[in-house]
Every structure is written in structure tokens, then in C-alpha cells.
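There are 2 protein chains.
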Amino acid sequence: MAEEFVTEITKKSEDFSEWYVQIVRRAELADYSPLKGCMVIRPYGFTIWENIQDALNRRLKETGHVNAYFPLFIPESFLAREAEHVKGFAPQVAWVTQGGDEILEERWAVRPTSEAIIGYMYAKWVRSWRDLPILINQWCNIVRWEKVTRLFLRTTEFLWQEGHTLHRVHEEALEEVLRILEIYRDLVENDLAIPVITGKKSPSEKFAGALDTYALEALMPDGKALQCGTSHDLGQNFSRAFEISFLDSDGEQKYAWSTSWGVSTRLIGGLIMVHGDDSGLIIPPKIAPHQVVIVPIFYGEEQRAVIAKAHELKEMLQKSGIRVKVDDRDEYTPGWKFSEWELRGVPLRLEIGPRDLASGEAVLVRRDSREKVKTSWNALPQRTSELLESVQRSLFERAKNYREANTRTSESFEEFKNIIEEKRGFILSPWCGSTSCEDEIKAQTTATIRCLSEEEPGDKKCLVCGQKARHLAYFAKSY
Amino acid sequence: MAEEFVTEITKKSEDFSEWYVQIVRRAELADYSPLKGCMVIRPYGFTIWENIQDALNRRLKETGHVNAYFPLFIPESFLAREAEHVKGFAPQVAWVTQGGDEILEERWAVRPTSEAIIGYMYAKWVRSWRDLPILINQWCNIVRWEKVTRLFLRTTEFLWQEGHTLHRVHEEALEEVLRILEIYRDLVENDLAIPVITGKKSPSEKFAGALDTYALEALMPDGKALQCGTSHDLGQNFSRAFEISFLDSDGEQKYAWSTSWGVSTRLIGGLIMVHGDDSGLIIPPKIAPHQVVIVPIFYGEEQRAVIAKAHELKEMLQKSGIRVKVDDRDEYTPGWKFSEWELRGVPLRLEIGPRDLASGEAVLVRRDSREKVKTSWNALPQRTSELLESVQRSLFERAKNYREANTRTSESFEEFKNIIEEKRGFILSPWCGSTSCEDEIKAQTTATIRCLSEEEPGDKKCLVCGQKARHLAYFAKSY
Chain D
4 MAEEFVTEIT KKSEDFSEWY VQIVRRAELA DYSPLKGCMV IRPYGFTIWE NIQDALNRRL
64 KETGHVNAYF PLFIPESFLA REAEHVKGFA PQVAWVTQGG DEILEERWAV RPTSEAIIGY
124 MYAKWVRSWR DLPILINQWC NIVRWEKVTR LFLRTTEFLW QEGHTLHRVH EEALEEVLRI
184 LEIYRDLVEN DLAIPVITGK KSPSEKFAGA LDTYALEALM PDGKALQCGT SHDLGQNFSR
244 AFEISFLDSD GEQKYAWSTS WGVSTRLIGG LIMVHGDDSG LIIPPKIAPH QVVIVPIFYG
304 EEQRAVIAKA HELKEMLQKS GIRVKVDDRD EYTPGWKFSE WELRGVPLRL EIGPRDLASG
364 EAVLVRRDSR EKVKTSWNAL PQRTSELLES VQRSLFERAK NYREANTRTS ESFEEFKNII
424 EEKRGFILSP WCGSTSCEDE IKAQTTATIR CLSEEEPGDK KCLVCGQKAR HLAYFAKSY
Chain B
4 MAEEFVTEIT KKSEDFSEWY VQIVRRAELA DYSPLKGCMV IRPYGFTIWE NIQDALNRRL
64 KETGHVNAYF PLFIPESFLA REAEHVKGFA PQVAWVTQGG DEILEERWAV RPTSEAIIGY
124 MYAKWVRSWR DLPILINQWC NIVRWEKVTR LFLRTTEFLW QEGHTLHRVH EEALEEVLRI
184 LEIYRDLVEN DLAIPVITGK KSPSEKFAGA LDTYALEALM PDGKALQCGT SHDLGQNFSR
244 AFEISFLDSD GEQKYAWSTS WGVSTRLIGG LIMVHGDDSG LIIPPKIAPH QVVIVPIFYG
304 EEQRAVIAKA HELKEMLQKS GIRVKVDDRD EYTPGWKFSE WELRGVPLRL EIGPRDLASG
364 EAVLVRRDSR EKVKTSWNAL PQRTSELLES VQRSLFERAK NYREANTRTS ESFEEFKNII
424 EEKRGFILSP WCGSTSCEDE IKAQTTATIR CLSEEEPGDK KCLVCGQKAR HLAYFAKSY
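Chains D and B supply the protein sequences, listed in that same order. For the first sequence, this note's numbering assigns the number 4 to the initial residue and increments by one for each residue that follows. For the second sequence, this note's numbering assigns the number 4 to the initial residue and increments by one for each residue that follows.
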């Protein structure tokens, strides 16, 4: 039964897209809904999101941010106040045109992002420099009309957080943008175990209405990049559009400087792709719903004693702050349960059987390496904590090694095209800064600039036009 | 300055509605948005909601419930599958008719409640009796078109949680309905310090599509009842509409029994009304964003030492798990700060001045009674915890005394009408069970049945028709 279960899954190495969809649905992370583009996040997937929320909320609150809630809807005329903004988002908006039996005079957009409605409120609230900075975040649902559905990665409705801050001077706003970028990097690398590169976007890839967008980009096992979060320097664009001004201490009325930034449930898609293997998911311990699953092994009359001990060990581990589940169902064999919890990506399995009752031991099995570690009950909490840390570290290292092995430099467009064709991955190449060269690369390879490197290009020449390079840029195909 | 600040607020006793709106806005709990019926929950109000969420999530998780997320939208045809359900909700639905440049063939409702979309998904997921029970909850936004806006109490968009469970037999579903009712009562009475009566609704007041609705009802200071939460026994109505069936252990295919239940941000409106006074809010300690505000009192050169000590005491209190804020702004006087934090309802104020530095003492002031308690620094954490518990208890007792003083019994319709006219409050009266008598009472008094008492009516006669009473019912005007 166990064997059969495992072989039912498409191999990651054979058909990555099909493997991804199967894992998401079989592990009960998410499911398709009857609404085009809208998904359901099932309890197991949602617990991962709750753990990400906790991890990010902690970091945001430590840095002085507070949560709030703004309306789901945005009047059409508000979206239009910032010219770039409406151009960028209008094609993807879901429109409410009727409420009860009332036909609306002005259509309401279901928020595709909340700069416009938040900007309007900020203009009402801010009077003096003493009211600044404003550091507000909101967790909410977002709707952007999509033609295709990719669970967690691209859906019409998704969940995210969006921070919206106001500052007295530009320098302070830019500090905030970079502070958040660093918080995101810390979250994604240390809790989700996904290595990222960070940097500024090229003008063509920035947020509609921003001065500059900074992004986190991770490399997926199919060699494509996944944008994992963005932090925008909005300059005074939205402050001018919404009249957000304040009386400064020098007696002058000034426009505030604003930022916005967000990460979404897309992160869950990233961690599935990066860490999973042919047997299923591997969830990084720090955000795993269950860090340890205890599978009691029993036949006939030993059942009661083994199950009792399993629950005793669970309580012992829980006291050390470890999240534990006991799978004591009697309609499944231990072998079936091993496969099931491997599929669902629990980082550690604890096996306990009749012989262990006599010896006072149990066996811990790592999901990532399948290494088995026999341990005494007394040493169990410490040994488990150590192994969870080790799994967390190993997942990150493995992903980082892959990323490094798949990050190449190229100064020749021919070579660049070959790499994209045959190997994909990140390519760090010199770029003159013109949109036409960027477009040419995209047209010939579908690769785009994921972000700009901080490294200086020196005397290097643009990949396409051969003019002096202004940047070294990370290129890749992307999700 | 402090005096002026206080007198700016309308007195609760003079104009309750105006007082309510002023408090909500001045304490920065919430604000109106430019969208009709939609409010903004500001950080201070949202923190109360986060604390309510934590308190309820803990109770729900302890009883085996898990969180998930379902789509914001519901196809029109889904709403229509349960006849009573669509009749009840369609008049209040906001409709999405366009996505991007695509006109939808079928309109999408912005969820007014999620039975229909969740029912559809449950039908896909449930196969066997082993899949039951399903105990899923979701925290989300809800839209129901409203003509008037009352911040927190009645808005087009609001936040809530909605539980949706499936069971094998009706008895188990009913146990769940009552288990949740008890969890809500425990939350509202012990954390929000609002006393409630609980019981079954009359058929005319039940949820559209339910067999039975159970509710929590609290009495507001204007003598009107506020429904604080509902728990519905849906029978097999939605299971039949959405084909949610399972193979039972006896080999037969059966419809599941379902429940749903919810509380919303309306609870925040309840606690503002119940606990506030002429000086502003009083937030029950268990859910207060700040349980203690420390106001350092300083003039000239003492400033640094007093502020340093204030932060030291803050850390001392935080180590005991107490939520503390230090207000060390130097642009406001201590008197102004006292008024400000009274307005914002912080349960305890800690005053520390230069003389206290020498004596090693500080003064705690209760928000509810204004009682002052001098305490040594050493005793501060324990004394503070005791006082917080005492404030929590006193708020509940005060509200309960009010509720009891305003709950009357009446067996005469004339007397009933006088009470509603002159005193309002709850009236426990015998009722024959007919909708016509219920309607008659409503037509003459605007009072409705808030819930049925479990007490037997004995030989009592219906208030209106004089026939034998089937129930004793709690009547009141309501929000």
C-alpha cells in the first residue's frame, strides 16, 4: 500500500509542473475552486501561511510597524489619480457595478493593491511633522484578474500583506524601503530557507507609480526566477496625487514621502518548488505545521502501550516548544503513514515500537536525507531541536548551492542565448540601461532583468548594443 | 489644555449616539472611508481585533478547529442552490460583473457569508465517514450592502470569522453548535467583560437556510440589545443543496450534517458602548492594546532620570507579560496625557515623578474608578497584575448589574409597551410561538425576540393572543 502511494506521484525530475500541481493538491495545501483563477487554501497550507504571518509580524512589530484594515473597494476615480498606477492596474481589475438593487454611479474596483484608498485616508490623518512617520501594514486579500491559474503562484485572488508608510524626508523613506527589503530577506532565507538575491528593478519592471522598486528573487529548480517580495520607493507621487501634505517644523507645508511593500501567499509556492523532492514536500522546520510526526508501530496487544508512550513523548516535545503530531490511526499501516507524512513534508519522523518500550529509545528520521538517529527518551527534546536546526540549515545550503551553480556571468549575447536555451538560471550581464536593449533580450530569449547588481560594471560593454554598460544586471526567465 | 480636551467630548449620558461616534474617531479606533458603508479600522482598533482573534483562535484550536481560506467570490447560481439562503442574502449582495476587459457571463457575489462556496468544496473533499468531522474556520472580510453606516455596528464591509463544520449525525452537529455558543460566551464574558444571554432564535430571526440559530445577546447602555454572535444548526439543508454526502460505516451513502457560526468586528462596537464613560473608552484589560500607560512627570533637569526610570519600569512589567506603553513625548503636559489615555481607555495609568525616584515608589491609577494606589517598585508587577484583574472583574460586574437591573418580566402587553417606551431593556415574556403575535409586538413596539429562554412557560399565557404560551422569550429593541 505504501509503495503504491509513493509511485502515484509524478517525479519532480521528470515533469516539474505536473509534480508541483500534484504535490499541492495531494498534500492538501490548496485546491482549485469553481471560480476561474481563485483557489482554496486548505488548513495544512493555511497553517504554513499563519506561521509566515507570525514570523513576519514579529519582525514588523519589532521595527515599530502596526497593523490596520482598509476597505476592500476603491472608487474608479481614485485609481485614476496617479496616471502610471491606473495604467498598470486597470487591465486586471474586478469591478463591482451593483450593490443590492442599486446600480452604482461609479464603479468600485476590488483592490488590486491599496495605495489609492490608503493615500486618501492618510491625507485626512496627517497634519504635522509630529504625525510622521506613519508605519502601517495590512494583511488582506487582493484581486487581479488572471487568464491562467497556477496554485499559489498566479491566482486572481491571493493573500498578502501590504505596508504603506509616510516619511518627512526622502532619505528616511529610502531607509524604510531598504529596512523592509532586509526584513524580507531575513524572513525568506532564515525561516523559509530560500536563498535570494536582492536589488533594484529596471524602470520597465518597477511598480506602477513608484520611483524605484527593490525586489527579492529566488531561483526555482526549473531554472526560472520567482519574485518573492517587493519594496517600493514611491517618492512623492502618491502624496501629490492624494494631497498628503504636512506642516514641517520650519513652518512650510510639504508633501510626504511614501513607501509600500508586500509579500504574498506566493512564498508558499516558492518553498514547495525549492525544497520538494520525488517523494513530496519538504517544509522548512521553522514554518512547518508539524515539525515532528510520531508514528507508533504496533501489532495486536502492544498497541495500547506504544500509543500511550507516543503521546507521552509528544507532550515532552511540546514542552520544549516543538510542534508535534501523533498519527495513531489504526486503519493505516506504519509504512503507509511514513509515505503520507513524507509526501506532506514533515521535517522529522519519530518511530516508536514495542522493542523501544523496553530499551527506552526511539528513532528519529530526517525527511531531507532520510538519515536515522536512534536516541534515548531523555535526550529526545535536545536531539530533536538539534536535528530540526540541522534540517533547516541543510535545506538552505542545498538551495544555495543550486543557486550558485546556476548563476553564470556572460558578456556575449550568443553565449547568453545558449545558456538560457540549455541551462537557464541567473545570468549576470552588463547592460547599457536602455529599454530597447532590455526589450531585445526579452524578445529573443524571454529572459528579463530580475534585479540590478550593486557591483559596478567597470569597462564592460552592454550585451546587446556594445555601448558602455551602466549596470550589471541579473537576467532570468521568470514566473 | 487637559481640561479643554476632556470637555470637547459629548457626554455619554447626554447624547449616546453622538458620544459613540466621537469616541470611535477621537480614540482612533476607526474612521469613515469615502466608500458608502465602508470603514477603516485604524491601528489602535485593529490591535483590539487582533487580541480578540488571538483569544478566540486559542479556544478554537484547543477544541480541534483549523483555519483555512476560501474564495472571496461566489457564483450567483451557487447562492441560489439553497432557496431560503438566496432569499435572505441576495438583496444585500455586491456584484462583480466585469474582470479586466471581460464581461462575466455569470455575476459573482462578493461573499455575504460563505456557506455556498464552502459547501461546494466540502462536497469534493468528503468521501467516507472517516473524513468526518470537518472543523474548519476562516477569518475574512464580508460584504453586505447597507443603506446606513454605523462604525463597527453596521457597515457594508466588516471582518469576522466563520466556522463551517460537517458531522456524521445530527446529534454531533448540535453538540458543536452548543460548544461554539459556549466558547463565544466565554470569550465575550471573560475577555470582553460583556455579560450575555444565550438561546435559540425564533424562526423569523434565524439564519437564512438554518434549521435553528442560537445567539448571544448583550444589553447596551441605551437599553437596546446587540447580537454578539450566532451559531447555526444547518441540518442537512446545505448538504442536500451541494450534494455533500459520505459513505457511512454501515455501507450507506448519507448526507452530512453541517453547522456554521461567527462573530465579527461588531464586538468592538459592543465593548465601546458597554464600558465607556463620559471621559472616553474603557478597554477591558484582557484585550487592551496597552494595559498600562506610564506617564513620566518631569520639569527641567529631572527629565532624563524620570524617563529612564519609566522605561526601566516598563521593562520590568513587560517581563511579567504585561503590555505597557511609555508616553515620554515632551510636547504635551502630564495633564494632557492623562486625559488622552483616559479617552483611549487604557485600564491603568502609572505616574512616576521626581519625588518617586527618591522613595522608590510610583502611583497606579485605575481607569474605571480613578482609584489611586501608591506602590513600591518591587511590588509593581504583582500589584499591576492584581489591579488589571480587578478592573476586568469590575467592568463585568458593573455591566452585569446594569443588565440585571434592566431585565424585567411582563405578562401584560400594556405593561410591556410601557416598559419599552419608558425603560427599554430586556423583557422576559410568555409567547405562544406564532409569527403573527411576534409581528404584532414588533409592529407596536419595534421590539423583537432576541432569544428564547430555556425556562418553561408553565401555565403562562401569550402576551398578545392570550393562548397558552409555548416559550418564555427575551424581547428588546435591538441594533
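In case anyone wonders, no lab produced these hints; they're calculated from the structure. Only a predicted model underlies this, so the values are computations on that prediction, with no experimental measurement involved. Honestly, I wouldn't trust all of these hints.
[Said to hold, decoys possible] Counterexamples of contact, computed for chain D against chain B with all Cβ distances above 12 Å:
1. THR13
2. GLY40
3. PRO46
4. THR100
5. ASP104
6. GLU109
7. LYS127
8. ARG133
9. PRO224
10. GLU318
11. GLU392
12. ARG396
13. GLU400
14. ARG427
15. ASP462
[Claimed, not checked] EDC-like mimics (lysine to aspartate or glutamate), calculated; alpha carbons at most 20 Å apart, straight line:
16. B:LYS64 / D:ASP251
17. D:LYS377 / D:GLU392
18. D:LYS64 / B:ASP330
19. D:LYS39 / B:GLU79
20. B:LYS150 / D:GLU105
21. D:LYS90 / B:ASP330
[Claimed, not checked] Here are the simulated distance ranges between beta carbons:
22. D:THR66 / B:GLU400: 37 to 43 Å
23. B:ALA311 / D:ASP462: 54 to 60 Å
24. B:ALA311 / D:ARG157: 38 to 44 Å
25. B:HIS173 / D:ASP104: 32 to 38 Å
26. B:LYS403 / D:GLU374: 57 to 63 Å
27. B:ARG28 / D:THR449: 47 to 53 Å
28. D:SER388 / B:VAL376: 40 to 46 Å
29. D:ASP104 / B:GLU407: 52 to 58 Å
Note that beta-carbon positions come from the ideal geometry of N, C-alpha and C, so glycine has one too.
Status of the hints after comparison with the structure:
1. No Cβ of chain B comes within 12 Å of the Cβ of THR13 (chain D); the nearest lies about 21 Å off, and the non-interface call holds.
2. Distance check on GLY40 (chain D): its Cβ comes as close as 8 Å (rounded) to a Cβ of chain B, failing to clear the 12 Å threshold; non-interface status is violated.
3. Not every beta carbon of chain B lies more than 12 Å from that of PRO46 (chain D), the smallest distance being close to 4 Å; the non-interface claim is violated.
4. The beta carbon of THR100 (chain D) sits about 5 Å from the closest Cβ of chain B, which is not more than 12 Å, so the claim that it is off the interface is violated.
5. Listed as a non-interface residue, ASP104 (chain D) fails to keep its Cβ farther than 12 Å from every Cβ of chain B; the least gap is roughly 7 Å.
6. Distance check on GLU109 (chain D): its Cβ comes as close as 10 Å (rounded) to a Cβ of chain B, failing to clear the 12 Å threshold; non-interface status is violated.
7. Residue-level check failed: LYS127 (chain D) sits 7 Å from the nearest beta carbon of chain B, not beyond 12 Å.
8. Against the 12 Å criterion, ARG133 (chain D) falls within the reach of chain B, whose nearest CB is about 7 Å from its own CB.
9. Even its closest Cβ contact with chain B, about 27 Å, leaves PRO224 (chain D) beyond 12 Å, as expected for a residue assigned away from the interface.
10. Distance to chain B confirms GLU318 (chain D) as a non-interface residue, since its nearest Cβ pair spans about 15 Å, more than 12 Å.
11. Residue placement check: GLU392 (chain D) keeps its beta carbon more than 12 Å from all beta carbons of chain B (closest about 26 Å).
12. Interface exclusion of ARG396 (chain D) from chain B stands, the closest Cβ pair being 29 Å apart, more than 12 Å.
13. At roughly 32 Å, the least C-beta separation between GLU400 (chain D) and chain B is larger than 12 Å, which holds for a residue marked as non-interface.
14. Listed as a non-interface residue, ARG427 (chain D) keeps its Cβ farther than 12 Å from every Cβ of chain B; the least gap is roughly 30 Å.
15. No Cβ of chain B comes within 12 Å of the Cβ of ASP462 (chain D); the nearest lies about 46 Å off, and the non-interface call holds.
16. Using a Cα cut-off of 20 Å, the hinted pair LYS64 (chain B) and ASP251 (chain D) is violated, with the two alpha carbons roughly 49 Å apart.
17. The suggested pairing of LYS377 (chain D) with GLU392 (chain D) holds, with an alpha-carbon distance near 17 Å, which does not exceed 20 Å.
18. Of the supplied pair hints, the one linking LYS64 (chain D) and ASP330 (chain B) holds, its CA atoms being roughly 18 Å apart against a limit of 20 Å.
19. At most 20 Å may separate the alpha-carbon atoms for a hinted pair to count; LYS39 (chain D) and GLU79 (chain B) meet this at roughly 14 Å.
20. Proposed proximity of LYS150 (chain B) and GLU105 (chain D) is supported: the alpha carbons are some 10 Å apart, at most 20 Å.
21. Between the alpha carbons of LYS90 (chain D) and ASP330 (chain B) the distance comes to roughly 44 Å, so the proposed pair goes past 20 Å and is violated.
22. About 40 Å separates the C-beta atoms of THR66 (chain D) and GLU400 (chain B), a value consistent with the hinted range of 37 to 43 Å.
23. Evaluation of the 54 to 60 Å hint for ALA311 (chain B) and ASP462 (chain D) yields a pass: the beta carbon distance comes to about 56 Å.
24. Here the CB-CB span from ALA311 (chain B) to ARG157 (chain D) is close to 53 Å, at odds with the stated 38 to 44 Å.
25. At roughly 37 Å, the beta carbons of HIS173 (chain B) and ASP104 (chain D) sit within the given window of 32 to 38 Å.
26. Here the CB-CB span from LYS403 (chain B) to GLU374 (chain D) is close to 60 Å, well matched to the stated 57 to 63 Å.
27. A C-beta distance of roughly 52 Å is found between ARG28 (chain B) and THR449 (chain D), which places it inside the suggested range of 47 to 53 Å.
28. A hinted range of 40 to 46 Å holds for the C-beta pair SER388 (chain D) and VAL376 (chain B), which are about 43 Å apart.
29. Take ASP104 (chain D) and GLU407 (chain B): their Cβ atoms lie about 43 Å apart, and the range 52 to 58 Å is violated.
Hint compliance for this structure: hints 2, 3, 4, 5, 6, 7, 8, 16, 21, 24 and 29 are broken, all remaining hints hold.
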